[in-house]
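Top line first, the protein sequences correspond to chains A and B.
Quick note: the first sequence uses our numbering, first residue 50, plus one each step.
Quick note: the second sequence uses our numbering, first residue 50, plus one each step.
Since the hints were derived computationally from the structure, they do not count as laboratory data.
One or more hints might be untrue.
Said to hold, decoys possible - Not everything, but these chain A residues come out facing chain B in the computed CB check (under 8 Å): (1) M50; (2) G116; (3) E203; (4) I215; (5) E219; (6) N289; (7) H347.
All C-beta atoms, glycine included, are put in the ideal place defined by N, C-alpha and C.
2 protein chains.
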Amino acid sequence: MSRTVTFDNLVNFTKTVLLRCYGYSEKEADVTSRVLVEADARNIPSHGVSRLDFYRKNIQGGFAKPGAEPELVWQTPSSLVVDGHDGIGSYIAEWSVDKTIELAKQSGTAFCAVRNSNHYGIAGLWAEKIARQDMIGMAFTNTRTCGIPTYGRERVLGTNPIAVAIPEREDRIFLLDMATATVAHGKVEVYDRRKKPMPQGWAVDENGVGTTDATAFEKLFYANPQYGGHLFLGGEGEENGGHKGFGLALLVEILCSGLSLGMSSLNTFQPGKGSGITHFFGAMRLDLFGRSGDLKDHVGDILRDIRVGEKAAGQERIYIHGEKEAESRAKSLKEGVFIDDATTEFLDSLAKEAGIPIV
Amino acid sequence: MSRTVTFDNLVNFTKTVLLRCYGYSEKEADVTSRVLVEADARNIPSHGVSRLDFYRKNIQGGFAKPGAEPELVWQTPSSLVVDGHDGIGSYIAEWSVDKTIELAKQSGTAFCAVRNSNHYGIAGLWAEKIARQDMIGMAFTNTRTCGIPTYGRERVLGTNPIAVAIPEREDRIFLLDMATATVAHGKVEVYDRRKKPMPQGWAVDENGVGTTDATAFEKLFYANPQYGGHLFLGGEGEENGGHKGFGLALLVEILCSGLSLGMSSLNTFQPGKGSGITHFFGAMRLDLFGRSGDLKDHVGDILRDIRVGEKAAGQERIYIHGEKEAESRAKSLKEGVFIDDATTEFLDSLAKEAGIPIV
């Protein structure tokens, strides 16, 4: 049975589970619980509390080590390089983002490359945290390898998301938070469960040839660690710009694993080595370009012109990026965070393990 | 008849035409001729000397004003805002990029927003110029309006390209230079001429509904200034990530017209107002993150791993972004720059007008 839980109760429950069953420190549990519940509240359940299962497997596999402290290994007046020492991703991310914001307050802009980290939740949350300081916020990360370059057949890149947040009028934030892969793997699973062909442009088979067979692809994806995988935005080949999506994924890869001197997606999650996940954050003060209020008003005008544009036949709204998630969040804060059947069952099992009441 | 011309001869010819027939200053003609011929040499003829026709129309329409000098209107230790005063795009771009590089040399990073400019040639050239200084180079621009947001039917955005250049081993440069629109308009024209349906995901009709009728779309595109237009990377709707491509275009729009307090694509090319084109440049020193040589080697390793990955059935090579263009350029420098039939005829008419020998 699905369930609706208040935001605070879900955060507290998650935090207690991380403290009692995962060996997280107080600080690690605090930030990770907030980060996961933010995703559920924004209707991005793929990155919500259901990730607790993946997080445990990362600890069991030796990829994530609760208690490890991030270390600043390189610094200039406008840049930082952080070694996460295989610690908890959200904790490393918040630690790094806070330092990036402080540096940008002094220097105008600051960039931070992070190596040896772990999954840090939704990228958009970190970009947004920076944007709340009247800055343009950027967050990128590489991930476990799953994606295929244009004209290739081997998995050599992650989903490699891009997140950029820009403040506009009335405390609203333009928040682009997108995997450079065409779709998240969860979408393939839905087609597999329904035994329906998935759209062209999502994936290639072990020969690097486009496939719409969700069931065969799903089987391949888990059985074969090397061949066949996700395509990037624009799909197969170059006709619809698949080489552009591949290029964006490669850009994210270079910013994250390149500038941190860390592991590329291809080399992540090697037994005995930590996951090796890398991130890149950026903060650029809005008042680098004029009075912050003027800029936010002008950005607001640009976005308003897009919003009020005439709609396609049968459509009622043009969404600016971040609006759907902000509206879901407001609803969740008022009415509670929705937890689906499978996740409810999973949380109840964690309650039992932690010896606490179900949430 | 097509023709092959040495790089230098084509630059000199173009420069003379700009001086004699276009009223460009020496400095404007110098940079514009180099920028246009660079595009032809890299096999991007859509942005090569054939653009001279568009450039003249911009002058005749009062959108571009030879002789206008760019002005620095805002400066901080890591940022610049430039007003191009409706001058020549390539000249304004080089002026701004040179200042951005100088500032980044001092401050580590520098960003520059430019308003009231004009078409500046291939975006990648400016990003690459920055990358030649051992920096990460970025160049963005908005353009004349032609693109439709997800679920819209009005043209409210330009092709809004993204260019990022990152130095790697052996003086090679990763150079991603991509319109955020799925394809350039020239590709639609090819399908129209051949009377063949174009692929899904390129364009929508006046009702905002996807169309593959290249001929009908071509007619609409010129007859109707407001409805129907290009889709962004990922195509129509959200199924293949069209909202992501739209988001990237919007990001470019905010960086360019937002941060420069300039005109958005929607408001460009209004009679009596200049074209209002806006740009955004960024420079980030590689040694912000470690020893520059170490970083270039590491980026080189990451790219090598992608290059050597196994190929899809029937494919022989995985191209890293910038390789095709760099190889075309090397070939053009050696064997001459190829000029197609229509462009040769056009250049010959310019020779006659300028009173100089054909090139």
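Each hint, compared with the structure:
Restraint check, A:M50 versus chain B: the minimum CB separation of about 29 Å is more than 8 Å; hint violated. For A:G116, the interface hint is violated, since its Cβ never comes within 8 Å of a Cβ in chain B; the closest pair sits about 27 Å apart. About 4 Å separates the beta-carbon of A:E203 from the nearest beta-carbon of chain B, less than 8 Å, and the hint is met. Below 8 Å, beta-carbon pairs count as interface contacts, and A:I215 has one with chain B at about 5 Å; its hint therefore holds.
Taking 8 Å as the C-beta contact cut-off toward chain B, the hint placing A:E219 at the interface is violated, the least distance being around 16 Å. This hint holds: A:N289 has a C-beta 5 Å from the nearest C-beta of chain B, less than the 8 Å allowed. At a threshold of 8 Å, the smallest CB-CB gap from A:H347 to chain B is about 5 Å, leaving the interface hint in force.
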